[in-house]
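Chemist: Model the placement of chain B on the given structure of chain A, informed by the hints.
Quick note, the sequences are listed as chains A and B, same order. Counting in our numbering, the first sequence runs from 1 upward without gaps. Counting in our numbering, the second sequence runs from 1001 upward without gaps.
Please keep in mind that the hints were generated in silico from the structure rather than gathered at the bench. We treat Cβ as the ideally placed atom computed from N, Cα and C, and that holds for glycine. Keep in mind that the hints are not guaranteed to be accurate.
[Stated by the list, open to error] If we take Cβ atoms under 7 Å as the criterion, some of the chain A residues that face chain B in the derived model are:
#1 VAL38
#2 GLY100
#3 SER298
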Amino acid sequence: MRITNNMLINNMIGYMGNNLDRMSKYQNQLATGKKISVPSDDPIVAARALRLRTDVAEIEQYQKNVKDAQSWMQVTEDALAKIGDVLQRSRELAVQASNGALTVDDTKKIGEEVKQLKNQLIQLGNSTYADRYIFSGFKTDVKLLNDDGTFAIDVNTITENIKYEIGVGDDININIAGGDLFNNGGDAAAGPVPGKLIQDFNSYIAALDSGDHNTINNTISIIDVDMNNVLRTRADLGARLNRVDLTSNRLESDNISFTKLMSDNEDVDMAETIMNLKNEENAYKASLAGGARIIMPSLVDFLR
Amino acid sequence: MGESFFGLNIAVRGLFSAQRNLDIVNHNLNNVNTPGYSRQQVVQVAARPIAAYNGTGMIGSGSDVVAVNRVRDEYLDFKYWSENVSYGEWDAKMALLSEMEVTFNEPSDSGFTTILGDFYSSLQELAKDSGSPAVRSLVRQKGVTAAKYFNSTTTHFDNLQADINYRINANVKETNSLATQIQELNRQIYVSELEGNSANDLRDQRTLLVDKMSKIINIEVNEVVVGKLSDGREDKHFVITVSGKAIIDHFNISKLAVEQRKTKLNEEDIPDLYEVRWEDGNSLKVKGGELRGYLDIRDGNEGGNGSPLYKGIPFYQKKLNEFVRTFAMAFNEGDMDYNGDGSIDMTSSENGQGYVDGFGLDGLNGRRFFTILDDTANQSIDSTAFLALSGATVRDKYKNVTAKNIAVGFEAMTDYNTIGASDAAGETGNINVLGKLLDMRHDAQMFGVGAPEDFMKSLVATLGIDSQQSVTYSNSQLAIIKQIENKRLSDSGVSIDEEMTNMVKFQQAYNASARMIQTMSEVYDTLINRLGLR
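Next up, chain A with everything else stripped away, as it sits in the complex (with noise of 0.2 Å):
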C-alpha cells in the first residue's frame, strides 16, 4: 500500500484523539468516583443505579420513621409505667385503709394522698411528646381530660389510631387511644361523666372521705382490674415496640447491604482505574514519541 504524508498526519492524529478519549474516559471516573456519568455509558447500569437510589433513600426514609414511632412509644410506655405505679400505690392504700380499726379521720388522711394520686392520673393522662398529646388519638393538639377527670374530646378506640410507615405496606399503630386506657377499653366521650378509671377513683375518694369501709374493702378489687387493664395496655404496646425494634435492626442491614449493591453497581474500582489511566497514559506517550518520529524527516531532510 502507497502512504503518504497526509495519511501518517492523520492517523497520528485519529490515534491520540483516541488515546485522549480514553485518558478522559479513567480521568472522569477517578474524580466522580462513578463508573457511568450519563445513562448511555450504560443504561442498565443506570436503571440499576436509579432503583437503588430510591431504595436506599426510602430505607433510610424508615429508618427515621422507625426513630420517631421508638420515642414515641418509648413516652407512652414511661407513662403507662407511672400509671402502674400509681394504682398499685392506691391499691396498697386501699388495703390499708379497709382496716376496720382506722376512722373516718384516719381514712380521711389517706383521702388526701389518693387525691393527689387521682391528679397525677390526670397529669398522665394528658402527657406529651414534642408538644403533642399522646393519648387524644386524633387530636394531638388538644388535652385528653379536664382537670376534674372528665374527657375533654370524644377519641375513638377503634378508628383513631396513629400509623407510622416503617417499610412498603407496612404500618405501625404507635399510639393508645385515651379511653382505651382511661374508659377500660371503650371510648373516650367529652362530657360530664368521666372515664372508668377516674370514676372508680371518684368513688374510691367518696369512700374514703366517709370512712365506709365496706366500699373501700370492695375497691380494691376495683383497682385489680384497672391496673389489669392497664396491663393490657402495656402488653400490647410492648409487642408493638417489640416489632418496631425488629423493624429497625432489619433495615439497618438492609440500609448496610443495598448501599453495598449500589457501591457496586456504580461505584469505580479506584486501583483498577489508575492502573488503566497509568496504561493509557503509556500508550499516549508512546503514541506522541512514535508520532514525533514518524513525522519529522522526509526526504527533503536528506537532499543536499
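Modeler: Frame of chain A; chain B shown alone:
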C-alpha cells in the same frame, strides 16, 4: 542521418518534458496539504518517430507530454458519499441525545429520583407530625421543587428544539450554497474538458464540495451520459439527486427551502417550526445526513401524526406531560386509570381518596396540591380556578396540566396550614388521607410501566439506550469513513518522498538533455568551424 540540426530538436524536447514534469512536481508539493487535492501525473510518451527515407528504420524524435492527469479512484468517492450520509445522521443524533441526557441529569444527587424521593420524605415527616409548621413548610417547598423540575426540564427541551430548528435552517442554507458552487464548477469543468483535457483541480474542488454536502443530506451522485461529443467522446452531465429529485442537473439547480409550519406537527412542539421542502414548492422527504438527524430529534414522536419514527424531543415532552397529568390527578383526586382505558370509572377502585378529600388545619377540604401556573399573574391558580378550566369532568381538566405549567396550588403556596392530611375536620393527628398519598408511591398500576418512579426510570433508560445506540452507530460509521479517507489519501495523496525522488529524477533528465545540447554544440563546432576552412 537526415537534417543536420535534428539532434538539437530532440534535446530541446527532452528539456521541455523534464521541465513540465518538474512543474507538476512543484504543483504537487505546493498542494501537499490542500484538502481534497489529488496528486497529478504527467503522461509522457515517446514522440512520433520519423521513417528514414531509405528504409533503414524509424528514427525516434524524443519525448512528448500529452496530458496531465489526476490520480483518483472515483469509486472511493462514491463510497465515501454514501457512507457519509449515514455518518452525518448518527453524528447529529449522538450530539443531541447526549445533550438531552444531561437535561434529565440522572444518575445524580439532583435528578428526578432524588427530587421525588425528597418530596415523599417530606410527606413521611408530615405523617409523623402533621401539625408542625416546619414540616408543612418543608412539604410545600419540596412540592415546589418537584414542580419546578418539570418546568425547567421541559423548558430546556423547548430551547433545544428551537436550537435544532435554527440548525435545520442553517443546514438548508449551506446545502443551497454548496449546490450553487457545484453548479458553477460544473460549468467550468464542462467547458474546460470540451477540448479533451481533464480539469483536475476543478474536479478536486467539486469532490470536496460534494463531500460536504453528503454529510448534510442524503444525495446520490451520477455522471450521466447524455450523448456523444463531436470528437466521439461521451458527453457526460454531473447530476446530484436528493430523494429522487435532482438538486443539481448539469448547469441547472433546484434549491431547498424552509417554510414555517402553520399547524404544529406534535401538540408538544414549539410554534413556527420549519418544514424542509423544495423551493419550487414540492415536498421533500429527507432520508439521511445531518438534516435527517436533526429532523428525527426535533419532530420524532414514535411516528404519531406522521412524525418521524424516532423518539425525539416531542416524545419525551409527551411522556413528561403524561407523567405530570397522571401524577397530579392521582395525587389530587386519588383517581388512577388502572385498566388503561383512558377514563376513570367512578364506581370502581379507580376512584380513590386523594388530596382533595383531605382537611387542612383550618378544618376545610377540597383543595388541590398541584394546579397550574397562571402566566399573566405569574402565580399558581387555586382550586376554584382549576375547576373553572376547560373540560367536562374534573378528570378532563387535567388535560390542561403540562410539565411546563404544573405548580403547587395557590392555597398551599399562601398558607401551608391548608395542606390536607386528615379525613375529618379538626383532627391534627389524623393522617388517613396522607397515608393514601404515601401508598401511591408504590402503586404499580398508576402507570403502564409501574409506579411513578418506574415511569421516570424507564424514560431515562430509554433515552440512555437510544443515546448509546447513536454513539455506537456514529463511531462505526466514523471508522468506515476514516478507512475510505485513508484509502483515498493512499491513492491520491501527495507523498513528499515520492515527489522528491521525482524531482531528482527529472532534474537529472533535464541535466542530461542540457548536456546533450552541449554535445551537439561541440559536434557542430567541429563540423562548421574546424572542417575544410583551413
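Chemist: Against each hint, give a clear statement of whether it holds in the structure.
Modeler: Going through the hints against the structure:
| no. | hint | in the structure |
| --- | --- | --- |
| 1 | VAL38 | 5 Å, holds |
| 2 | GLY100 | 49 Å, violated |
| 3 | SER298 | 4 Å, holds |
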